[in-house]
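*Asks:* Take the given structure of chain A and dock chain B to it, following the hints.
The primary structure of each chain is shown beneath.
2 protein chains.
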Amino acid sequence: MSRLTAAAKRFVVGRPFRSDRLAHTLLPKRIALPVFASDALSSVAYAPAEIFTVLSVAGLAAYTYAPWIAITVAFVMVVVVASYRQNVHAYPSGGGDYEVATKNLGPNFGLLVASALLVDYILTVAVSTAAGVANIGSALAVVGAHPVWFSILIITLVTAANLRGIRESGSAFAIPVYAFIVSMIAMLLTGFVRWLLGSEMRAESAGFHLQPEHATAGLALVFLLARAFSSGSAALTGVEAISNGVPAFQKPKSKNAATTLALMGGLSLVMMLGLVGLAIATGAQIADDPARQLVGAPEGYYQKTLIAQIAQAVFSGFPVGFYIVSFTTGLILILACNTAFNGFPVLGSILAQDRFLPRQLHTRGDRLAFSNGIVFLAVVALILVIAFQADVTSLIQLYIVGVFVSFTCSQAGMIRHWSRLLSTEKDPTVRRRMRRSQTINAVGFCCTAVVLVIVLITKFLAGAWIAIAAMAVIFVTMKAIRKHYDRVAREIAADEDDLVLPSRVHAIVLVSKIHLPTMRALAYARATRPDTLEAVTVSVDPKDTEALAREWEDRDLPVALKVIDSPFREVTRPILDYVRRIRKNAPRDLVAVYIPEYVVGKWWEQILHNQSALRLKGRLLFTPGVMVTSVPWQLSSSEALDDRLRQRADRELGLRGRIPSSAIQPGAASEQPGRLRARDQDER
Amino acid sequence: MSRLTAAAKRFVVGRPFRSDRLAHTLLPKRIALPVFASDALSSVAYAPAEIFTVLSVAGLAAYTYAPWIAITVAFVMVVVVASYRQNVHAYPSGGGDYEVATKNLGPNFGLLVASALLVDYILTVAVSTAAGVANIGSALAVVGAHPVWFSILIITLVTAANLRGIRESGSAFAIPVYAFIVSMIAMLLTGFVRWLLGSEMRAESAGFHLQPEHATAGLALVFLLARAFSSGSAALTGVEAISNGVPAFQKPKSKNAATTLALMGGLSLVMMLGLVGLAIATGAQIADDPARQLVGAPEGYYQKTLIAQIAQAVFSGFPVGFYIVSFTTGLILILACNTAFNGFPVLGSILAQDRFLPRQLHTRGDRLAFSNGIVFLAVVALILVIAFQADVTSLIQLYIVGVFVSFTCSQAGMIRHWSRLLSTEKDPTVRRRMRRSQTINAVGFCCTAVVLVIVLITKFLAGAWIAIAAMAVIFVTMKAIRKHYDRVAREIAADEDDLVLPSRVHAIVLVSKIHLPTMRALAYARATRPDTLEAVTVSVDPKDTEALAREWEDRDLPVALKVIDSPFREVTRPILDYVRRIRKNAPRDLVAVYIPEYVVGKWWEQILHNQSALRLKGRLLFTPGVMVTSVPWQLSSSEALDDRLRQRADRELGLRGRIPSSAIQPGAASEQPGRLRARDQDER
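Residue numbers (this note's numbering), protein chains in the order written: chain A, 51 to 734; chain B, 51 to 734.
A hint or two may mislead.
[To be verified] Computed spacing ranges between beta-carbons, pair by pair: (1) A:LEU664 to B:ALA522: 29 to 35 Å; (2) A:GLU263 to B:GLY350: 40 to 46 Å; (3) A:LEU271 to B:LYS593: 25 to 31 Å; (4) B:LEU695 to A:THR527: 24 to 30 Å; (5) A:GLU601 to B:PHE426: 47 to 53 Å; (6) B:ASP692 to A:ILE436: 42 to 48 Å; (7) B:GLN656 to A:ALA211: 28 to 34 Å; (8) A:VAL493 to B:ASP627: 52 to 58 Å; (9) A:ILE657 to B:VAL550: 48 to 54 Å.
[Said to hold, decoys possible] A few chain B residues that don't get close to chain A, going by computed Cβ distances all over 10 Å: (10) GLY156; (11) MET251; (12) ALA312; (13) GLY333; (14) TYR373; (15) ALA492; (16) LEU506; (17) ALA512; (18) LYS529; (19) TYR535; (20) ARG669; (21) VAL676; (22) PRO682.
Quick caveat, the hints were computed from the structure, so don't treat them as lab data.
Even for Gly, the Cβ is constructed at its ideal location relative to N, Cα and C.
Chain A on its own, in the form it takes in the complex (with noise of 0.2 Å):
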C-alpha cells in the first residue's frame, strides 16, 4: 500500500533530486522568465493604478500628472534593470543583494538588507494577495464583496500547498505568465489599434465626476506628485528577482540572465506605460475613497481594479476578454504571493548558515525549519491582510521602502566592487568595460537612493514606519543571535588537551516499578560494564516502596536496589541531590543515569509519560560529570507514528529539488559533492 502511493507519488511529483544531480535542472531562458519573473511583471498589476489613485485626491485635473509619473518611475526601472544586468556579470555565481551588500560594504548593510528582503517577503504575500483578490473580485461579484475572506483563503490555500510540498516545475510556472503576458499585450494592441482608429472606449467610471478630497496645490501639491510617483515605483518590486537565480540559467548563464532581465523590464516597461495610456484614453477614473469621490456612480458601486476597467473599455463587444485578463491578472498575483513563500525559506537558510538565525534553519530539507519559515511568514501576512483589510492601496505604503533599502544598499555595493577590481585591473579594455559598469551602478544608486528618500518622506506617517520598525527589530535580533553563537563558539573552542577520560563509571539505573522498560535499562547499563552499577528509586509514598523492595528481593534482580527518601515528597531534588552527593565523593568520575523512556504514537500520550523523566534529565544535565542515558521502551502506538514520520521524510525528499530555492542558492548545486573515504575501522 504504502509502496503503491510512494509509486503514485513519483510519478505526479516526480524523482526527488539529488544535490549532485542538480546541474540537469538548468533552466532556458523561456521557463526562466516566468519562474523568476512572476513577482516584477506581476506588481505591474497594482503600480499604476496606484498612481491613479494617489493622484486622485486631488481630483481629475491631477490626473494630467498621471503619465509624467508613469515615465518617471519607467526611467527609475531602466535605470534599475541596467544596474542589475551589472549584478548579473559581476557575481554569475547568484549574488543576492544580501550577498552583495555584505561582501561589499560589512555585514551590518548586509544584515540591513536581509531585514529589508524578509520584510519584504511578507509584504509580497500580502500585496499580491490582495490585488489578485481585487482583480478576480472585479470579474467575479462574490469574491469584489469579501475581500478579506477570499484573501484569507488564498493564503491559506497557498500556505497548506507549500506546507504539503508542491513542486513548481518550470512550466507550472509557465502557464499562468505566459498567459498573463499574451492577454495583456492583446489587450494593449487591441486598445492602441482602437485608438488609432478613433473607436470609441469608455470606462465604466468614465461618466462619474471624481472630486478631490481637499484643495491641493503648491508644496502639497509637489508632496502628493512625490507620492504618487512613490506608490508608482512599486512596479519595479521583484526585479532582483534574476540576479539571485544566475547560477539556475543555461549557459551562458551570465548572458542568459542578463537577455532575460532586459527582456523582463521591457515587457514591465510597455505594460505599464500601455495602461497608463489606455487609462486615459478610456477616461477611466480611480478614487482614493470612491464612496465619497465618485459623485455621479450608482448606489453601492464596486470600484473595478484598473486594469479589469480598461478590459471592459477594450473588450466592449467582447466580454470573455475581459475575463480572460482579470483572471490571469489574479492567477499572476497569487504566483508572486507563491514565489514569497519559496524564497523566504531559502534567505533564512542562507542567514542561518552566517549563524545569523537559529542554526538548524540552515539544513534547508529540514521539514521543521521550513514550516516554521512558512507558518511564519503567513501568520504575519495573514495579520497584515486583516489589519488592512485586504486594502492594496493602504498595504502599498509599507512595501516599497524594503525594497528600495535593498536596491540602494545593493548598488552602493556594485560601486565598491568595481572600484576594488578596478585597484588590481591593469587590461585597459577591461577597465573601461569596469568603468562602464561602475557607472550605471552608480547611476543606479544615485536614483534608488533619491527614491528611498522619496519613499521614506512620502510614506513614514502612512504606514512605512510600521516595515521600518519591523526591519529594526529584525536587525537587532538577527545581530543578538550571531553574538551569541560567537560568544558560544569561543567559550567551546577546544584546546589540544582535552580528552581526560574519567578515571570510574559510576552508573545509576532510574526505577519506579518493575516492568518491561525497567528490566531493559537495567540490561543495557549492565551491558556497558559500569564500574558501580546500582538501581535508584526515590520513595514519594512508603506503601509503594516496601511494595518494590519485596519484588525485587523476590525477583533477586542482580543489582542492588538503593532507596531515597523524599521527606517533600518530590522526585527531582533527591536524586539530584544523591548524584552531586557521589560527584563529590569522587569528582574524577562520571555518572551515568540511565531512563527508562516511553516512546510514543501520539502528541497527547507524550504528555501522560515522561514528564517526570524529561524534567529530571533536564535539571541532571545541569551537574558536570553527569551524563544522562535515555533507554526507549516503544510502545506498540509509537509504531505507525514512526511510518508515518518515514513517510512525511520520503515526501520532504520530493522537495529539495524545487528550482527556485535550488537556483537561489546553489552553491552546493554546482559541485559533485567530494565524497570523502570512510574510514570504517574499529577503535580497538
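*Replies:* Same frame as chain A, now just chain B:
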C-alpha cells in the same frame, strides 16, 4: 545573599513541613471552622438574594413565597448537614465525595463525582468573585461601575498569589471569616431588635414599584417557584468541605468534625433565614432586570446586593456598619474563591494517583503540575466571568448541578456503605446506630436527588447544559486517560525472564565540529569502554566535512571518524539508516549513540541550540536496540539558571505545608514514612 533571602522567607513563610511532621498541624475546632467553612458560609451572600431575583420576574406579589422557599432550602440544608455528619463518622480518613462514590458505587460514579467537582471548583471561582465584586461594589461606586474589570483583577491577583505560593495559616482564614460572622450576626440582631421595637427600617429600593416581567400563573408559577428554590439551593454549596478535612481535626477527629459541621450548618441557616426575614422587613426589592422592572428608581440606579441594602437599612444611622458588612462579605467571598484554587490541584493529584489524569500531577509538590492546574482554573473562570459579564444570577444557573450531582452520588454511596457494614455486623446496638445513619443518608439521598431533578428541569436551558457538557467532556477524557494507562501497564508488565543482556555494545559519537562538547562526548563514550566505538559525522556540506576530516587527522584523535554522505543535505535520515544497518548486521548488539548537548540558561538559547540533536534523538528512540546518551556541555549562562531553579525548588518546599491541601489528602500525613534500609552494595 540568597541565604539571606532564604532566611527572610523562612521568617515570613515558616519552615516547610515534612510529610512526617504534618501531624503537628492538627486544627482545633475554632480554626477548622473558618478554614473549611468559608465556602459554605460565603454562599449565604448570594443565595437568599437569588430567591428574590427569580421571584421578581412575577412581580412584587411573588415575594410572599420567598420565606417558604427559604424554609424549604433550610430544610434541605438540615438534611444535607445531618447526612454529611454520617459521612464524617463513617470516613474519619476524610472520605471526600469522590472516595465515597468510588468505593461504594464503583469507579464510574466516582468519576462522575470528580467531573462534577472539577466543574464546581471553576464555578466557585467565577461565582464567588462576581458576588464579591457585587458586594464591594455596593459600597464602592467605582467597583460597582466596572464589575467585569474588578472580577478579572481579583481572579488575577488570587492566581498570582497562588502561583507565587501563599501559605494560608489558620489565622489567615480565621480573621476574615469571623469578621464576616460577627458583622452578619450583629446586623441580624440589630435588625431583629429594631423590628421588635417597631423602629422603621426601609431599604433604599423599598419605595420603588416592582413590575413583573411577564404574567405568571398556574404551571408557569410553579416552575418559577421551583426555579427560585433551585437558585436558593446555592446556599448549600461548600457544605461537603468539612467531610474532606476530618483528618486535619484534633482528636476526637470525627466528633469534632461533626460538631463543626453542625455549627456551620446552624450559622448558615440562621444567616439565610435572617436575611430573608430582614429583606421582607425592610421592603428591599431585588429585580432581575432593574432598569426595566424598578419603576420609580432614579436615573442610573445601581442595584445594591441584598445584604448591602439590608445593612444600609438596619444601620441607617451608622453608615460604618454598612461598609463593614459589605467589605467583610466581599472578603469572605474572595476567600471562598481562593479555597477553590487550593482544592482544584489537590483533587487533580488524587485523580492522577488513580491514573485518571496525567501521572505527573500526582506528585503534589510538583511545581509545574500545580501551576498548570492553577492557570487552567483561572483561565476558564475568567472566560466565564467575562462571558457572563460577572453577573451572579447568570453564573448561578451553571453552578448548582455539579454540587447536587456530587451530593446525590455521595449519599447513595453512603446507603450502600451502611448496607455493606450491616451485612456483617451482629451487635444490635451498633446495628441500630448504623440503621439510623443509613436512614439519615437515605433521606439525604432522596432530598438531594429531588433537588437535582428540580435543578436540571429549571436550569438546563438557562445555562446548566454548559456545566453538564463540560462534565461530560471531563468524564470522557479521564476515562480515556485511564484506559490508556491500563493498556500501557499491560503492555509493559514484566515477565520473569526479561533480563537478556545485549551481547556487544556498539558506541557512536555524533560529531559536527571539533570543540569541547565533542571532546567531552568522546571522552565519556571511551570511559564506558564499548566493544566498538566510532565518531560519526554527516556530510551536509562537502567543504565543511573535508575540513573536519583534516582537523581530525591533524589532532590524531584516538577514535576513527566515519563520514556518512547525505545527498539530500539532511542530518537525521542518514544517521537513522546507519544505525539500522548496524542493528541489522548484528541484531543482538546494543547501539549506544552519544550526542553532545548544550545546556543553556535562557529559553531562547534553547531555540538556538540542540534542535537537530533533539529531533535526531526523538527519531532514534523509535529504533529498538538503541539507547541515546546526552553528554551535556554547560554553557556559562546555564549557571545562573541552575541557581534560579534551585531557589524556586526551595520556595516550592514552602508550599508543601498548606493546611487545606495536606488536610484533604492526608493518607501519607498520618503515618511515619517507613524508612527502608538502603542496600548500597556494589554489583561486582
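*Asks:* Now look at each hint and say whether the structure bears it out.
*Replies:* Quick rundown of the hints versus the structure:
1. Remark: the range hint 29 to 35 Å for LEU664 of chain A to ALA522 of chain B is upheld by a beta-carbon distance near 32 Å.
2. Between GLU263 of chain A and GLY350 of chain B the CB atoms are about 42 Å apart, so this pair conforms to the stated range of 40 to 46 Å.
3. Distance hint for LEU271 of chain A and LYS593 of chain B: a CB-CB separation of about 58 Å, inconsistent with the stated range 25 to 31 Å.
4. In this structure the supplied range 24 to 30 Å holds for LEU695 of chain B paired with THR527 of chain A, their Cβ-Cβ distance being about 26 Å.
5. For the pair GLU601 of chain A and PHE426 of chain B, the supplied restraint of 47 to 53 Å is violated, since their beta-carbon distance comes to about 36 Å.
6. Checked against the hint of 42 to 48 Å, the pair ASP692 of chain B and ILE436 of chain A passes, with Cβ atoms roughly 43 Å apart.
7. Taking the beta carbon of each, GLN656 of chain B and ALA211 of chain A are about 31 Å apart, inside 28 to 34 Å as hinted.
8. Our hint of 52 to 58 Å for VAL493 of chain A and ASP627 of chain B holds, since their Cβ atoms are close to 55 Å apart.
9. For the pair ILE657 of chain A and VAL550 of chain B, the beta carbons lie near 32 Å from each other, so the given range of 48 to 54 Å is not met.
10. For GLY156 of chain B, the condition that its CB be more than 10 Å from all CB atoms of chain A holds, with the nearest at approximately 23 Å.
11. Even its closest Cβ contact with chain A, about 55 Å, leaves MET251 of chain B beyond 10 Å, as expected for a residue assigned away from the interface.
12. Annotated as non-interface, ALA312 of chain B keeps its C-beta farther than 10 Å from every C-beta of chain A; the closest such distance is 34 Å.
13. At the 10 Å boundary, the C-beta of GLY333 of chain B stays outside the reach of chain A, the nearest C-beta of that chain being 54 Å off.
14. For TYR373 of chain B, the requirement that its beta carbon stay farther than 10 Å from each beta carbon of chain A is met, with the minimum near 43 Å.
15. Non-interface call for ALA492 of chain B relative to chain A: holds, since the shortest CB-CB distance, roughly 35 Å, exceeds 10 Å.
16. No Cβ of chain A approaches the Cβ of LEU506 of chain B within 10 Å, the least distance being about 32 Å, so the stated non-interface status holds.
17. With 10 Å as the threshold on Cβ separation, the claim that ALA512 of chain B sits away from chain A holds: the shortest Cβ distance comes to roughly 34 Å.
18. Against chain A, the non-interface label of LYS529 of chain B holds: every CB pair exceeds 10 Å, the least being about 13 Å.
19. Against chain A, the non-interface label of TYR535 of chain B is violated: not every CB pair exceeds 10 Å, the least being about 7 Å.
20. With a least beta-carbon separation of about 7 Å from chain A, ARG669 of chain B fails to lie farther than 10 Å from that chain, contradicting its non-interface assignment.
21. Non-interface call for VAL676 of chain B relative to chain A: violated, since the shortest CB-CB distance, roughly 7 Å, does not exceed 10 Å.
22. At roughly 4 Å, the least C-beta separation between PRO682 of chain B and chain A is not larger than 10 Å, which violates its mark as non-interface.
Violated hints for the displayed structure, listed by number in ascending order: 3, 5, 9, 19, 20, 21 and 22.
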